[in-house]
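Visitor: Using the sequences and the hints given, assemble the complete structure.
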Amino acid sequence: MKGIWAVGVVTFLEGIRNRSLYGITIIALLLLVSNLIMSGLVPQSVGKLAVDIALSTVSFTGLLIVLFIGINLVAKDLDRKTIYMVLSRPISRQDYIVGKFSGIAALIVASVAVLGLFAALSIFITQSNFPEYFARFSWGSVVLAMVFSALSLVLLSAVSLLFASFASNSFITLVMTVIVYIIGHSLSDVKSLLSGGSQIASESSGVVVKLVEVAYYVFPNLSLFDLKLQAAHGLATPVSYVAWVALYGVGYSSFIVCLARLAFSRREFP
Amino acid sequence: MNLKGPVFRPFLFFGVLTIFVSSFIKCFMIEITDVSKSYKEGLTKRRVQALSGLSLHVESGEVFGFLGPNGAGKSTTIKILVNLVYPDQGNVSLFGQAPGGKDVQSRIGYLPENPYFYDYLSAEELLLFAGSACGMDRVSIKKRSKELFELVDLAASSRRPLRTYSKGMVQRAGLAAALVHDPDLVILDEPMSGLDPIGRKMVGDIILSLKKMGKTVFFSSHILTDIERFSDRIGILAKGELRLVGSLSELVTNGSSLEDLFLTKVVDVAEAQE
Numbered sequence: 001m002k003g004i005w006a007v008g009v010v011t012f013l014e015g016i017r018n019r020s021l022y023g024i025t026i027i028a029l030l031l032l033v034s035n036l037i038m039s040g041l042v043p044q045s046v047g048k049l050a051v052d053i054a055l056s057t058v059s060f061t062g063l064l065i066v067l068f069i070g071i072n073l074v075a076k077d078l079d080r081k082t083i084y085m086v087l088s089r090p091i092s093r094q095d096y097i098v099g100k101f102s103g104i105a106a107l108i109v110a111s112v113a114v115l116g117l118f119a120a121l122s123i124f125i126t127q128s129n130f131p132e133y134f135a136r137f138s139w140g141s142v143v144l145a146m147v148f149s150a151l152s153l154v155l156l157s158a159v160s161l162l163f164a165s166f167a168s169n170s171f172i173t174l175v176m177t178v179i180v181y182i183i184g185h186s187l188s189d190v191k192s193l194l195s196g197g198s199q200i201a202s203e204s205s206g207v208v209v210k211l212v213e214v215a216y217y218v219f220p221n222l223s224l225f226d227l228k229l230q231a232a233h234g235l236a237t238p239v240s241y242v243a244w245v246a247l248y249g250v251g252y253s254s255f256i257v258c259l260a261r262l263a264f265s266r267r268e269f270p
Numbered sequence: 271m272n273l274k275g276p277v278f279r280p281f282l283f284f285g286v287l288t289i290f291v292s293s294f295i296k297c298f299m300i301e302i303t304d305v306s307k308s309y310k311e312g313l314t315k316r317r318v319q320a321l322s323g324l325s326l327h328v329e330s331g332e333v334f335g336f337l338g339p340n341g342a343g344k345s346t347t348i349k350i351l352v353n354l355v356y357p358d359q360g361n362v363s364l365f366g367q368a369p370g371g372k373d374v375q376s377r378i379g380y381l382p383e384n385p386y387f388y389d390y391l392s393a394e395e396l397l398l399f400a401g402s403a404c405g406m407d408r409v410s411i412k413k414r415s416k417e418l419f420e421l422v423d424l425a426a427s428s429r430r431p432l433r434t435y436s437k438g439m440v441q442r443a444g445l446a447a448a449l450v451h452d453p454d455l456v457i458l459d460e461p462m463s464g465l466d467p468i469g470r471k472m473v474g475d476i477i478l479s480l481k482k483m484g485k486t487v488f489f490s491s492h493i494l495t496d497i498e499r500f501s502d503r504i505g506i507l508a509k510g511e512l513r514l515v516g517s518l519s520e521l522v523t524n525g526s527s528l529e530d531l532f533l534t535k536v537v538d539v540a541e542a543q544e
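Chains as they are written, first to last, in our numbering: chain A, 1 to 270; chain B, 271 to 544.
Bear in mind the hints are in silico, worked out from the structure with no lab data behind them.
A portion of the hints provided could be inaccurate.
[To be verified] Computed beta-carbon distance windows for the label pairs:
| hint | chain 1 | residue 1 | chain 2 | residue 2 | range |
| --- | --- | --- | --- | --- | --- |
| 1 | A | 129 | B | 408 | 44 to 54 Å |
| 2 | A | 175 | B | 309 | 40 to 50 Å |
| 3 | A | 182 | B | 317 | 34 to 44 Å |
| 4 | A | 223 | B | 323 | 55 to 65 Å |
Built from N, CA and C at the ideal position, the CB exists for glycine as well.
Guide: Now the structure itself:
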């Protein structure tokens, strides 16, 4: 446990002090400022637009953090052989993976919390300027959308950790994580397209339909965590949905971390 | 309770017998028996032999110098000792146990060759990490770090991020991290590499002071003078095979030098093989 804690703390500190994080934060702030300007330019659906831009900014910058900081936090250890010093301590390979995941997850949660505060501020200012467009607005939906965004990013970082545990370099990890991200967000739509009675469904071969079905259960369904639309329209999300998706996120992440531990446990560092 | 009574007599007898027998069995700090290791290389996954049937032992309190040209297999041996790679065959034991266990790892201090640490951490935080991973409390780590930073001459820069350090400073920070938990066995892979003459003297002094404290030091180098100055026993490795092992006083006799011995055992054998 001491090993996991030590690796987690170091990972978090390395991530939070990384200069790239400042760059990403500046991009986020610029996007949020543009939110204020855009709201003034568009004369209709200001509330929906403001919430959508604010939440999209949080999830987009969160994605950048996972891809460019999260992956690097493991890749640098492997590429620059820092792992020699870590694993020569009483820290097992399995503890290392759990520690890294904990540190990256803490970094994502902290980053989403800070970005979320700025996003909330931009929504609040827009709401103060155009209160007539915020009749169905709910802060609860916005916060829930941010929490789910953080959860999906944590899940994605678990996936990237799995790839890093056996990939020979960080570029492969990056590419595979991006592929999973794209599949994870589009698979649900593709499945519903193929399973419906549409023309595409009737024209598709059985093999393709079967493949999509298998992929649907293997890849993480990241679109489940996307509650931006509900937040923008002020729609309530059923408690059962929230509970099941949260459970799915935690369960899937834990399973993937277990796989990463398994893959990493016999890895050598020549 | 009568410890000399008939019930306790057999236990007493076996206890005394165990102590008597164990005093004759020598427990080595490091014991490597018939270890071989190969790596897969390139796209074709061609096997390259790094170690072949390596056997050696290091006794407690000894400074063992591991000598060999580049690519001889010194780092591979060390990586097997600290559980970074696994041998294909053979046995390795440290303190009488297999490498990798938490008890074993917490008694080892390891400095890798050309170490690279976390960019955004300071040397103080590095030692905090190294110490806490070994189960030390914060106060003890702080106290020990202060002593070590004085020893490795990093006291003035211990709060600076490691990415601002020179190569020699990183090496010295790595040495402090290897020693923070007061290990029984110190394994140093090319500890002098990247150091200026003052730094080399400092590392040499540390090795000698560790020896005085009764610690066991296993260090690799391809610099003969370093090995000659600090080692009680040496092992010469070339092309993954142990060519020679023994105490310096036995091996380097009057009229010969370690350089002659090294050239005979490494260069001549290599030429004969070709």
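Visitor: How does the Cβ-Cβ distance of residue 182 of chain A and residue 317 of chain B compare with 34 to 44 Å: does it lie in that range?
Guide: Holds, since residue 182 of chain A and residue 317 of chain B (Cβ atoms, about 38 Å apart) stay within the stated range.
Visitor: Is it true that the C-beta distance of residue 129 of chain A to residue 408 of chain B lies inside 44 to 54 Å, as the hint says?
Guide: Since the Cβ atoms of residue 129 of chain A and residue 408 of chain B sit about 50 Å apart, the hinted range of 44 to 54 Å holds.
Visitor: Confirm or reject the claim that residue 223 of chain A and residue 323 of chain B have a C-beta distance inside 55 to 65 Å.
Guide: Holds: the Cβ-Cβ distance is about 57 Å, inside 55 to 65 Å.
Visitor: Okay, residue 175 of chain A versus residue 309 of chain B on CB: inside 40 to 50 Å?
Guide: For residue 175 of chain A and residue 309 of chain B the Cβ distance comes to about 26 Å; the hint is violated.
Violation of the numbered hints given earlier is confined to hint 2; every other hint is satisfied by the structure.
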